[in-house]
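In order, the protein sequence lines correspond to chains D and C. Going by this note's numbering, the first residue of the first sequence is number 1, and it counts up by one from there. Going by this note's numbering, the first residue of the second sequence is number 1, and it counts up by one from there.
Rather than coming from a laboratory, the hints here were simulated on the basis of the structure. Take these hints with a grain of salt, some might be off.
[Unchecked claim] Here are the simulated DSSO-like pairs of lysine-lysine, each with C-alpha atoms no more than 30 Å apart in a straight line:
#, chain 1, residue 1, chain 2, residue 2
1, C, K15, D, K146
2, C, K15, D, K260
3, D, K174, C, K66
4, D, K114, D, K174
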Amino acid sequence: MAAADAATADDAKDIGPPARLPEESARPENGGPENGGPENGRGESGGGFLAWMLAPERRGPLLVAPAVGILFVMNIFPLLWSFGLSFFNFRANRQDVPDFVGLRFYERVLTDDKVWERFQTTALIVGSSVILQLIVGFCLALLFAKIFPLRRILLMLVLTPMMLSFVSVGVFFKLYYEPTFGLVSWVLNSFTDESFVLLATPAGAIAGIVVADAWMWSPFVMLLVLAGLVSVPRYLYEAAEIDRASAWRRFWTITFPYIKSLLLLAVLFRTIETFKLFDIVYIITEGGPGDATETIAVYLYRMAFQFFRTSQSSALAYIVLFVVIVLTNLYLYAVNRRAQEMQ
Amino acid sequence: MTAVKLPRRRREIGKGGWRHTAGAAVVALIYFFPVLWIILTAFKTRTDALAIPPKLFFSPTLENFKSVFFRQSITAGSSQETEFLLYFFNSIFIAGTSVLAALIVGTLAAYAFSRHPLKGNDTYLFIILTTRMMPPIVVIIPIFLMFRITGLAGSYWGIILLYTAFNIPFSVWLVKSFFDELNPEIEDAARMDGATERRVFFGMCLPQIYAGLAATFVFGLILTWNEFLFALLLTGVDTRTVPVAMARTMGGEVGVDYGLLAAIVTLFLIPIFFVTFLLQNQLLRGVTFGTVKR
Numbered sequence: 001m002a003a004a005d006a007a008t009a010d011d012a013k014d015i016g017p018p019a020r021l022p023e024e025s026a027r028p029e030n031g032g033p034e035n036g037g038p039e040n041g042r043g044e045s046g047g048g049f050l051a052w053m054l055a056p057e058r059r060g061p062l063l064v065a066p067a068v069g070i071l072f073v074m075n076i077f078p079l080l081w082s083f084g085l086s087f088f089n090f091r092a093n094r095q096d097v098p099d100f101v102g103l104r105f106y107e108r109v110l111t112d113d114k115v116w117e118r119f120q121t122t123a124l125i126v127g128s129s130v131i132l133q134l135i136v137g138f139c140l141a142l143l144f145a146k147i148f149p150l151r152r153i154l155l156m157l158v159l160t161p162m163m164l165s166f167v168s169v170g171v172f173f174k175l176y177y178e179p180t181f182g183l184v185s186w187v188l189n190s191f192t193d194e195s196f197v198l199l200a201t202p203a204g205a206i207a208g209i210v211v212a213d214a215w216m217w218s219p220f221v222m223l224l225v226l227a228g229l230v231s232v233p234r235y236l237y238e239a240a241e242i243d244r245a246s247a248w249r250r251f252w253t254i255t256f257p258y259i260k261s262l263l264l265l266a267v268l269f270r271t272i273e274t275f276k277l278f279d280i281v282y283i284i285t286e287g288g289p290g291d292a293t294e295t296i297a298v299y300l301y302r303m304a305f306q307f308f309r310t311s312q313s314s315a316l317a318y319i320v321l322f323v324v325i326v327l328t329n330l331y332l333y334a335v336n337r338r339a340q341e342m343q
Numbered sequence: 001m002t003a004v005k006l007p008r009r010r011r012e013i014g015k016g017g018w019r020h021t022a023g024a025a026v027v028a029l030i031y032f033f034p035v036l037w038i039i040l041t042a043f044k045t046r047t048d049a050l051a052i053p054p055k056l057f058f059s060p061t062l063e064n065f066k067s068v069f070f071r072q073s074i075t076a077g078s079s080q081e082t083e084f085l086l087y088f089f090n091s092i093f094i095a096g097t098s099v100l101a102a103l104i105v106g107t108l109a110a111y112a113f114s115r116h117p118l119k120g121n122d123t124y125l126f127i128i129l130t131t132r133m134m135p136p137i138v139v140i141i142p143i144f145l146m147f148r149i150t151g152l153a154g155s156y157w158g159i160i161l162l163y164t165a166f167n168i169p170f171s172v173w174l175v176k177s178f179f180d181e182l183n184p185e186i187e188d189a190a191r192m193d194g195a196t197e198r199r200v201f202f203g204m205c206l207p208q209i210y211a212g213l214a215a216t217f218v219f220g221l222i223l224t225w226n227e228f229l230f231a232l233l234l235t236g237v238d239t240r241t242v243p244v245a246m247a248r249t250m251g252g253e254v255g256v257d258y259g260l261l262a263a264i265v266t267l268f269l270i271p272i273f274f275v276t277f278l279l280q281n282q283l284l285r286g287v288t289f290g291t292v293k294r
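Okay, chain D solo, but in the shape it has when bound (with noise of 0.2 Å):
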């Protein structure tokens, strides 16, 4: 959603003004905020204060208060709550009065080479994962971009694992690598004498649990591309036909800039969603072998639950936090530049 908005909300900047204009000429007619009559819909009480509030002017405010209401109770207080927590020496299961340290936990955190390293694994991780999820989700969506008997049927199962939930997902993934009863291991040790343990290495329970996050998200890719693909208009393939273009120019020229910004919106949600990936994790092979696939969300756990440096942890997630809206900053900013230039 952010892609397509940024794009349009440079068109919204240049349509603002205009759109704004017969508002305002209306509001003569209405007659005004102040004796805000029945005639108008709206100040049927005729009390003073309703009529201040439900005057046009402060209709936006007005719509935007419920949301932007919840959204301040229940996470950016929390949020905050949690920033003040970071400047001082609290611990969660314990009832010592906290004492401010200042930046000491930020400096902990920063100079923590464990950091790095669960960075350089969510990296790792998040990378993988978001790149097969492209694939796979555009092949699929390849596959569905026509009408035929049974699609409907066909589609749901396809989306079905979307539905299921992480906790499912871990431990049955988990069943399918096992070495003795997993169906995978079954499969791969019928083709090798070895027998096969895929989580034991670093490499594997990485490729473990990119597969298994891969089958669950591909299909949200599936559905952003389709919808993309869908939105083609067939006359542009007709005249293609004319010209003979050859399919791999008709899919850069026609096809790719359909699908473009839907394919930069799925990138941006999923890496922000895999991210934060902690219980197929956390499950499947609780950070092992070693550290080899503790993300930063599953360090963050062990911090904030197992040793409950509560303080520690709430600095290292406003650092994830910056990370994460430095991404989506440099992003968005990507966007808007081609978007200018394609105009």
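Go by the hints and put chain C onto chain D.
This is chain C only, laid out in the frame that chain D set:
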């Protein structure tokens, strides 16, 4: 890009015959296989579930489904009801209410962001998106403390409010993109003709983005249905959702009972599968517009 154009756009998709169906069926079945295996496991006895080599053909049993709802007590013969019926109700009630609430609140906000921009519109939108990016573990300690102080912990209200907040960013961004895609000139024309703002919103804008709203609902439902971490910490005995209850069956001295777990997963899949199936056309159409260039 008005609603009038949409049906024509749908028919522009290419057609494939039964040969295409055969190809797609093979791919879909391979993709579906891990789920199929879970469903098969639900019908297996304990020994079949962990047989070496894995069994594709076996004599099915309904024992696992029975033990989801009835626990065999140690003194043989008598069986005791489990609370799973309540957990299923909780999951449906909590997810349904909060996604619907987020959709309503989010739609109002999205309309404002799209049609009556505030000062610092983009900043608000960015902050709203940011709340979605935060790793949930960060806010969970303050939320936990907050819920304990206000007594919201373990109540329906608390978890519904939290899930509503969880769904708002997604709803706002998605629905806003649908509103942006509509033609504001038509609305302005209607306003000139004396239509009230309420008429414009309910009579003109909402009907045009109906498919988009349905798509947002399904996406929100899928994301909320399986939420685990918050539910684990913030629901009580009476408000426990199925994912939490599912995880609790895994402990114990005998290890994971895969048959029982598979039965719960299968049962839990049915409602969301059904809703998605019913709204599938809206889902596909919903993601199509709003996100596509004019």
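Cross-check of the supplied hints:
no. : hint            : result
1   : C:K15 - D:K146  : holds, 5 Å
2   : C:K15 - D:K260  : holds, 24 Å
3   : D:K174 - C:K66  : holds, 25 Å
4   : D:K114 - D:K174 : holds, 26 Å
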